[in-house]
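K.L.:
Residues per chain, in single letters:
2 protein chains.
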Amino acid sequence: MFRVNENYLKLPGSYLFSTIAKKVGAYAAAHPEESVIRLGIGDVTLPLPPAVITALHRAVDEMGAAETFRGYAPDLGYEFLRKAIAEHDFAERGCEISPDEIFVSDGAKSDSANIQEIFAADSRIAVCDPVYPVYVDSNVMAGRTGSFDADTRTWSDVIYMPCTAENGFVPAFPESRPDLIYLCFPNNPTGEALTKAQLQDWVDYANREGCVIIFDAAYEAYISRADIPHSIYECKGAQTCAIELRSFSKNAGFTGLRLGYAVVPKALRDRNGVSLHALWARRHGTKYNGAPYIVQRAGEAVYTPEGQEQVREMVGFYMKNAAYIRTGLKEAGYEVYGGVDSPYVWLKTPGRMTSWEFFDYLLEKVHVVGTPGSGFGPSGEHYFRLTAFGTWENTVCAVDRIRAL
Amino acid sequence: MFRVNENYLKLPGSYLFSTIAKKVGAYAAAHPEESVIRLGIGDVTLPLPPAVITALHRAVDEMGAAETFRGYAPDLGYEFLRKAIAEHDFAERGCEISPDEIFVSDGAKSDSANIQEIFAADSRIAVCDPVYPVYVDSNVMAGRTGSFDADTRTWSDVIYMPCTAENGFVPAFPESRPDLIYLCFPNNPTGEALTKAQLQDWVDYANREGCVIIFDAAYEAYISRADIPHSIYECKGAQTCAIELRSFSKNAGFTGLRLGYAVVPKALRDRNGVSLHALWARRHGTKYNGAPYIVQRAGEAVYTPEGQEQVREMVGFYMKNAAYIRTGLKEAGYEVYGGVDSPYVWLKTPGRMTSWEFFDYLLEKVHVVGTPGSGFGPSGEHYFRLTAFGTWENTVCAVDRIRAL
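As given, the protein sequences belong to chains A and B, one line each in that order.
Counting from 1, one number per residue, gives the positions in the first sequence under UniProt numbering.
Counting from 1, one number per residue, gives the positions in the second sequence under UniProt numbering.
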């Protein structure tokens with residue numbers, strides 16, 4: 001009889017956000033009179049910017065007329081979008097990335113899950129701890145991670161790089177050499193960023209050791225400090241060791257529209273000269289059929305002057321929330337991190353509470369929902385994540401409730 | 001140093017449609033005075049139906065207002081769409097498929113490429129020959145296909161099931177037992193269909209032998225005869241052995257909008273009771289973030305009374321083309337197949353020309369582009385595919401030119 005991919009069976013059953021949803025659902029059912037404020041999930045709340053809405057309507061009209069209808073898109077993305085990306089996200093920052101090194105996709109989640117496919121089955125991966133679960137889970141499914149230890153909640157064949165207050169949330173180079181290094185900065189969940197000098201150290205390490213860095217820059221729009229790089233290609237030598245993943249979700253509110261892209265430089269080759277660019281192009285051509293035309297036009301609109309202005313306003317709105325959370329919790333005596341170059345605020349739980357104890361405490365006492373840090377990895381224990389993606393009113397109300405505790 | 005997935009390097013370099021594009025480009029450049037008619041690629045030419053355009057505009061407006069904005073979609077698809085699918089595509093045909101057995105995706109190409117992931121790495125696959133290349137290529141990338149023989153253009157570990165005029169384009173059961181069987185009916189590229197009794201034989205075989213059938217029903221909207229099943233779930237016992245893939249591309253013109261779905265029945269389990277439904281749900285949740293809200297609303301509109309009427313008109317338009325091609329070529333003395341329950345017409349090349357010889361002959365003599373059958377597999381040699389997706393004028397002109405040869 002047919003058999004399944006047994007790697008899937010190794011995945012621990014319960015997913016962080018579904019556990020949270022269940023707990024919140026049970027609490028809300030038992031206390032219908034309480035107003036629960038959700039600052040847990042990283043979904044946005046502001047509507048799409050007007051420039052994007054206008055572009056969508058225009059593109060929809062094109063799809064309704066025979067002369068302007070568009071069928072299958074180019075596998076790698078429309079030239080108009082790839083050119084806008086190359087110019088605004090890279091050339092303007094002094095990075096030499098050409099349009100044909102950009103692969104348009106339906107989002108950074110898919111790209112970050114699929115990218116491992118083009119590497120050898122026995123590649124060793126290194127991840128920050130805490131970490132966005134998709135990097136590890138997609139490698140579990142591919143059979144790269146060994147066995148799961150239910151006590152430590154770690155995989156035997158994954159290299160974990162702790163990021164805690166003790167090391168300023170900057171990972172140290174691992175003791176044994178990985179093949180693939182997943183770095184997400186500004187970071188989810190800690191909200192902290194790497195300076196250009198710190199990222200340059202990682203690029204130098206990867207080139208020296210023959211590793212590939214998968215650089216997830218989904219939160220780059222939230223960077224406020226000058227010495228934080230928006231792209232890994234601002235570092236020298238990144239073209240020979242790094243793939244960068246970008247998203248339209250958090251800057252322009254595309255979580256429900258789905259658009260992202262990967263940069264795979266042509267200079268990125270293995271020891272035999274095999275081009276990762278060619279492999280990723282082959283994967284796109286075989287397993288994907290391009291992002292919708294109308295959504296690619298929406299993405300293009302983000303790079304117009306009006307689009308850029310509107311995106312800056314959205315980011316500013318969320319960062320005002322982040323500042324309110326940071327300041328309010330600091331004043332209340334919490335140790336608080338992140339929230340300056342990212343929409344996430346990361347705090348130490350008070351009185352050595354575990355992350356889940358603090359989750360229950362906040363839910364029961366002040367009806368505020370956040371995300372337990374331990375859900376992102378063992379080094380996230382005793383930490384807690386709040387997001388800046390709520391409405392202003394809810395954010396203020398949640399912080400004021402926590403302060404009153 | 002890091003290493004790549006070497007299975008990718010086994011893939012033969014040149015892809016069918018890019019070879020065609022190169023040949024046509026070279027011809028057109030050398031003969032700018034000739035009007036070339038393309039009946040090769042399976043892309044549609046009619047614009048999206050008005051009901052779909054209206055639904056898109058409405059959904060875009062919702063995304064522009066805070067009260068109606070939608071962020072992350074449910075991983076498996078919005079309930080409104082899954083309900084419409086369950087009712088119209090299944091309940092109305094007497095198939096018991098519940099909304100939560102339906103997984104909405106960005107199209108049947110992605111699904112047909114990704115579905116192999118949930119099966120064991122050493123699963124044996126069987127495909128019809130000729131065949132849509134994605135089924136085989138996605139398994140090559142996963143390392144399941146052994147070595148490639150450049151002479152026969154076949155893989156050592158793939159079971160090929162020839163479909164030719166000799167067996168009426170109905171595959172015979174393979175001599176050795178496969179784990180996964182890819183069946184696409186109505187078929188691409190032959191354009192021929194299986195009767196309900198013939199498909200029932202396959203369902204019985206799969207249940208008896210412990211195989212899973214991946215049933216690609218992308219062309220079901222083109223079925224005109226009463227005894228051709230639209231869904232494999234019209235056959236008894238299919239719920240324990242079959243996954244069905246569906247597309248909105250060819251019925252409603254969504255090639256540039258991207259929407260499809262997979263049906264994975266809850267009764268489909270391996271010998272240890274592992275549910276394929278649970279594995280596919282896990283894959284969706286980990287590696288995918290849902291189809292865009294606006295596109296799912298567009299899909300819903302296809303099932304409204306106006307949408308259904310407009311889709312019937314589109315299909316009727318293309319089938320008028322198919323009938324003209326069939327009749328015209330028959331009258332000209334060609335052996336012609338397909339084009340009754342599908343938008344593809346499959347013809348025997350005259351005078352034992354190879355598929356590529358006939359391609360060059362048509363291009364040079366009458367400037368008509370089709371697809372060489374051998375590009376779909378060795379049993380496609382001496383066959384040729386024409387599609388019904390052109391405009392009426394181009395279709396008539398192409399057929400009349402071939403008749404005049």
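Keep in mind that a hint or two might mislead.
Identical chains share a label here; the pair holds if one copy fits it or two copies do between them.
[What the hints assert, rightly or not] Below, a list of computed lysine to aspartate or glutamate pairs in the EDC-like style, where the Cα atoms sit at most 16 Å apart:
no.: 1; residue 1: K348; residue 2: E33
no.: 2; residue 1: K236; residue 2: D204
no.: 3; residue 1: K10; residue 2: E393
no.: 4; residue 1: K287; residue 2: E117
no.: 5; residue 1: K348; residue 2: E331
no.: 6; residue 1: K23; residue 2: D270
no.: 7; residue 1: K10; residue 2: E117
no.: 8; residue 1: K266; residue 2: E96
no.: 9; residue 1: K266; residue 2: E6
no.: 10; residue 1: K287; residue 2: D151
No wet-lab data here; the hints were simulated from the structure.
Just so you know, these numbers come straight off a predicted model, no measurement behind them.
K.L.:
With reference to the structure, classify each hint as holding or not holding.
P.N.:
For each hint, the structure was consulted:
no. : hint         : in the structure
1   : K348 to E33  : neither (30 Å within a copy, 73 Å between copies)
2   : K236 to D204 : within (8 Å within a copy, 61 Å between copies)
3   : K10 to E393  : neither (42 Å within a copy, 57 Å between copies)
4   : K287 to E117 : both (12 Å within a copy, 12 Å between copies)
5   : K348 to E331 : within (14 Å within a copy, 81 Å between copies)
6   : K23 to D270  : neither (47 Å within a copy, 32 Å between copies)
7   : K10 to E117  : between (19 Å within a copy, 15 Å between copies)
8   : K266 to E96  : within (11 Å within a copy, 50 Å between copies)
9   : K266 to E6   : neither (35 Å within a copy, 18 Å between copies)
10  : K287 to D151 : neither (37 Å within a copy, 26 Å between copies)
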